[in-house]
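One letter stands for each residue in the lines below.
Number of protein chains: 4
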Amino acid sequence: MVRVGVIGASGYAGAEVVRYLLGHPGVEITYLASDTFEGRPLSDAFPCFLGQNLPLCRKWDIDVAADKVDAIIQTRKNGLGMKVAPELLARGKKVVDVPADFRLKDANLYKQFYGTEHSATDLLQEAVYGVSELRESEIAKARLVANPGCYAISSILALAPLVVRKLIDLNTIVIDSKSGVSGAGRSGVDTASLFCEINEGFRAYAVARHRHTPEIEQELSFLGGAPVTLNFTPHLVPMNRGILTTAYANAARETLSTAELVALYREFYEGKPFVVVLDEGAQPNTKNVFGSNFCHIGLVFDQRTRRVIVTCAIDNMGKGAAGGAIQNLNLMFGLPETQGLMTAPVFP
Amino acid sequence: MVRVGVIGASGYAGAEVVRYLLGHPGVEITYLASDTFEGRPLSDAFPCFLGQNLPLCRKWDIDVAADKVDAIIQTRKNGLGMKVAPELLARGKKVVDVPADFRLKDANLYKQFYGTEHSATDLLQEAVYGVSELRESEIAKARLVANPGCYAISSILALAPLVVRKLIDLNTIVIDSKSGVSGAGRSGVDTASLFCEINEGFRAYAVARHRHTPEIEQELSFLGGAPVTLNFTPHLVPMNRGILTTAYANAARETLSTAELVALYREFYEGKPFVVVLDEGAQPNTKNVFGSNFCHIGLVFDQRTRRVIVTCAIDNMGKGAAGGAIQNLNLMFGLPETQGLMTAPVFP
Amino acid sequence: MVRVGVIGASGYAGAEVVRYLLGHPGVEITYLASDTFEGRPLSDAFPCFLGQNLPLCRKWDIDVAADKVDAIIQTRKNGLGMKVAPELLARGKKVVDVPADFRLKDANLYKQFYGTEHSATDLLQEAVYGVSELRESEIAKARLVANPGCYAISSILALAPLVVRKLIDLNTIVIDSKSGVSGAGRSGVDTASLFCEINEGFRAYAVARHRHTPEIEQELSFLGGAPVTLNFTPHLVPMNRGILTTAYANAARETLSTAELVALYREFYEGKPFVVVLDEGAQPNTKNVFGSNFCHIGLVFDQRTRRVIVTCAIDNMGKGAAGGAIQNLNLMFGLPETQGLMTAPVFP
Amino acid sequence: MVRVGVIGASGYAGAEVVRYLLGHPGVEITYLASDTFEGRPLSDAFPCFLGQNLPLCRKWDIDVAADKVDAIIQTRKNGLGMKVAPELLARGKKVVDVPADFRLKDANLYKQFYGTEHSATDLLQEAVYGVSELRESEIAKARLVANPGCYAISSILALAPLVVRKLIDLNTIVIDSKSGVSGAGRSGVDTASLFCEINEGFRAYAVARHRHTPEIEQELSFLGGAPVTLNFTPHLVPMNRGILTTAYANAARETLSTAELVALYREFYEGKPFVVVLDEGAQPNTKNVFGSNFCHIGLVFDQRTRRVIVTCAIDNMGKGAAGGAIQNLNLMFGLPETQGLMTAPVFP
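Residue numbers (the working numbering), protein chains in the order written: chain U, 1 to 348; chain V, 1 to 348; chain B, 1 to 348; chain H, 1 to 348.
In case anyone wonders, no lab produced these hints; they're calculated from the structure. Just so it is clear, the structure is predicted and the values come from calculations on it, not from any experiment. Treat the hints with care, as some may be off.
Not everything, but these chain B residues come out facing chain H in the computed CB check (under 8 Å) [stated by the list, open to error]:
| # | residue |
| --- | --- |
| 1 | Phe49 |
| 2 | Gly51 |
| 3 | Gln52 |
| 4 | Ser182 |
| 5 | Ala184 |
| 6 | Ser187 |
| 7 | Asn240 |
| 8 | Val276 |
| 9 | Gly291 |
| 10 | Pro345 |
The C-beta atom is built at its ideal place from N, Cα and C for all residues, glycine as well.
With the sequences and hints as input, model every part of the structure.
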């Protein structure tokens, strides 16, 4: 049994990690860190955990944690991973960092997008950017995995086959992404997050300046072997969970068809249990992956405009955060990749 | 491994049974009946099952079914259970009937509320009304269990301790219940079920004539040892899942307090893992049981009016249908009561 | 043209008053008070007002206000009315106070439920409790009208005919009420108000201790000529607007029928343009009054339990706040009661 | 008073036309056609009209209609306009056709996208494509106006200034549009339209083949003086009303800035009361135009990719259907363009 601790257990992503781990036969939850709920059961923060067997929440303490865990999943906030990861690694623990600290390889880019100096730059190269489907062997050997952003993972899974197979013009990528509201977390309470302000409304935000843009570009540049600059536009959908990413790019080939795209994607994601490439004519719906670690991809080649249109649905809390983190954890500890993660989506 | 078949797999309740059974270590899904999706994978009806290992859907055939299963969970519709249950029992199979066929002991009452003659009246007395928490030993010995209605189970769990302990005046019970929309099922498509007509609206329906009324009265009368006539009013909430029942009754005792009620309920439901009696001052939220088999109960004694006010939250698809059915199945086969059912609710 | 000012224009209720007044041919909006948006257009708070002709927001100043208005609609918060109303009345202005300051005639009850001393007790008797349908002539003569609470107006309109006509046992009233979320206002931002926490959830709150209870009891006691003590339970519906109240009471007569109830209510509300008594068999839906000042009432007499079940739908922001306030304003200034208020609900 | 009749009054778009016309001082509703509700009040279809003064619904009859109206707004369905418009024009009536019959100038394109032969091809050139902001003088002289599709009007208003001012490369336009569910109408009832299937889900549909594509291309080609081929992708948002269109195109100029774009759009839409160009940094929200005829536009120039990103919010039932139709009607009859249409959006 791998002994796992969760930092930020009283946030949405932390709670989702706990939910998955409760059903994971190879893992034991031995440590829950939450400043707000120190000394109290996690069910005080989330009554949905009433009736479950969980340790009490504790204030983060590296010595106590080190004694109790083999690995830490840090979900709390940007800027915390760079503080705790070095200490944990020094004590022989493995770390999955769900926020953004170890995603970007370039510390200057980090500063530009996150507004603060990076304090653990020596780990930036070691940290593996955790798209399980693309970096399985690296993750298996990693001590530190940077979990991709929720928008990023959906964008990268949507575009990776096109970029790797050089099927598109890298200068023409437009990513239009739509997310449920839980991505904003539980702590950032402001007027714009009120039920009444979100419900029955739809809007874009952070247009041309969202923080997930550089990590998408970094990963696609790496995959494509050439620098990628793209448009990424996030939107807010009045629902709790789910991201649908619609990506557009000009075909780089003379001839192409939707059927070819479907075949190519299926070959590319062969043996990747969580990525489902839909039949020609079908479109993914976030509802069909709600509460799960699955990713559904739909493909259309538009002969009129010669553009590829890829749609990709994930649960931002699942594949986009907690599920993806546990998939990485499984790989890091040599557990079956799907362990604890195969529960079907909740529908309707 | 208990081999289980599901009738009505392409309906909401059937799909939820499948979802739970996929995570049940003691059960194997060996048969899925759906006329509409005959010969096709269940993922054609529900793409949320893409990537899962399931048998193809078949048209119902007693011979094939009898060969493949030890038990059938029938979820399809009223009137079907009375046809298939006798045949299945004759072949030594066990049956959990989720619709209404075997809930009422009185065939006349069945006809009055459901509009048709009952064709298997000889089984009405044998069938056990499946409130797992109240009839555990009977269910353990049963061949045929009638799963309670979703509103009914929430009402009965809310009021049973008061009725059994004779704490309320049985003539004063008012049950005001509110349900998410999935209770209406996937097949009954009409204008009133359209997203646009439900969203941003709230209404009562079937006032003073809902079909779950007689089964609530039957069970409470049995528990209280005296005939109960009560008001039951269902309402439709613009959400997919969840029932909150608010029940009112006049106290039958001179002195009473909320604290006493909480203590009494906790004693009454001692050892019942899915019923959580909340602390004084807390109120249940359907959100905290979403996607699970749990039931949360809140209690208030109003000194001003001398009424007890009980609130009870369940997931109508979980404890109110699929979860409750599997809990009964576990008892019928001597499996641990909680097996396959302890997954935490999905939040948010 | 009546010159009207609004205090609390940057809150939900204030904005709704502004919305109605913009379409009111007998009224001119001459003053908008908002501390937060001082010196700025109201569209900074609510971009829905872009393109409309409105005065800039100002910090509240009695001298400026007195110069610009004939009447003030105060929507901002409890405790403010008792400060500004005396000053405004002293300068010959009329006041509609939408929060709770002048609803209760008993200053002790005010202190008990609102936690502070009342500082304008001399106005408590003068203030008219503004149920337009029941106190038309008093309101027409009033300088100060206390707008009823949103739950209260729906409860009172639902029960008034039964109480006045002495058709029910006054000791048996149970009011189970369900509201959209906008009733909580825009300023009270906490975790429980986040979209993710409200969406797909349903719960009761303030059970047996909600502040609207005493004003409902006060008004029904007055109408019935005998003290009324009742249960009032509010619930939160995942929608923005709308209240549905379901009220129960034992019939006081030997014989009664739903048809008689419908006839009686129609006679009682004859000439009241905003109260619609539905046909026997129909049930109100909050959706059918969304965005309007209408009130729909449904009636059922349950012969089995001999209880009357009244359902009443309003828009909490319309008849429950802004619409009702303007209806009272119309009466106070001798304008047609329906002026500016007959716009049809927005559906779907 | 212009006497107006509505065909399809018992559909969503028809009801919305009625709602606006009830508050229109220059128009009288003299005729309502609905086959389903023949001889009955419209409130049988939509109880939100209870308490309003409206003629009974009638089965469509050209003779009766011609006697009662000066103009008809046809909202019922594709294929009906081409039948009734010729008859109405022959009798000197004016027609606004809300569905698609007269939008495309090319009858072959109509057949290709709508699957049937056009039976009134002689009117295709006469009919004016009714973007009020772009074709005011033509509409003022028209007998027959084709109301643009809801997606189309939002796309055209978003892109017109860029196309007319030749600021973008016409081959690079990508339109990613998101709509509330009411666009599907009330009659098309299928499983996919059920509340439970829409709620908490988000998906694209009709990718690269939606019917609004050719009318957007036709109008932009006309405005730009060169053929435009573009991508249009519609998505379904779990809300009733509202369209947000996000449009992308490569800048055709060396230098450009967001501030320049804002200035240019404001100049372009000068004197157009329903189009609001937001300040730099602001983004439109469908919620801010809910229930109204307004259109909010947000602009960003992304220096990194040299793409213009335009976001445009309308109410699909307002500016996208009923509101736009009445704006056109006003122009056709020489009424003030804004008459009956200035009501503020309903928020929240």
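Next on the checklist: Hint by hint, where does the structure go against what was stated? Just the numbers, ascending.
Outcome noted: Hint check: 5 and 6 fail, others pass.
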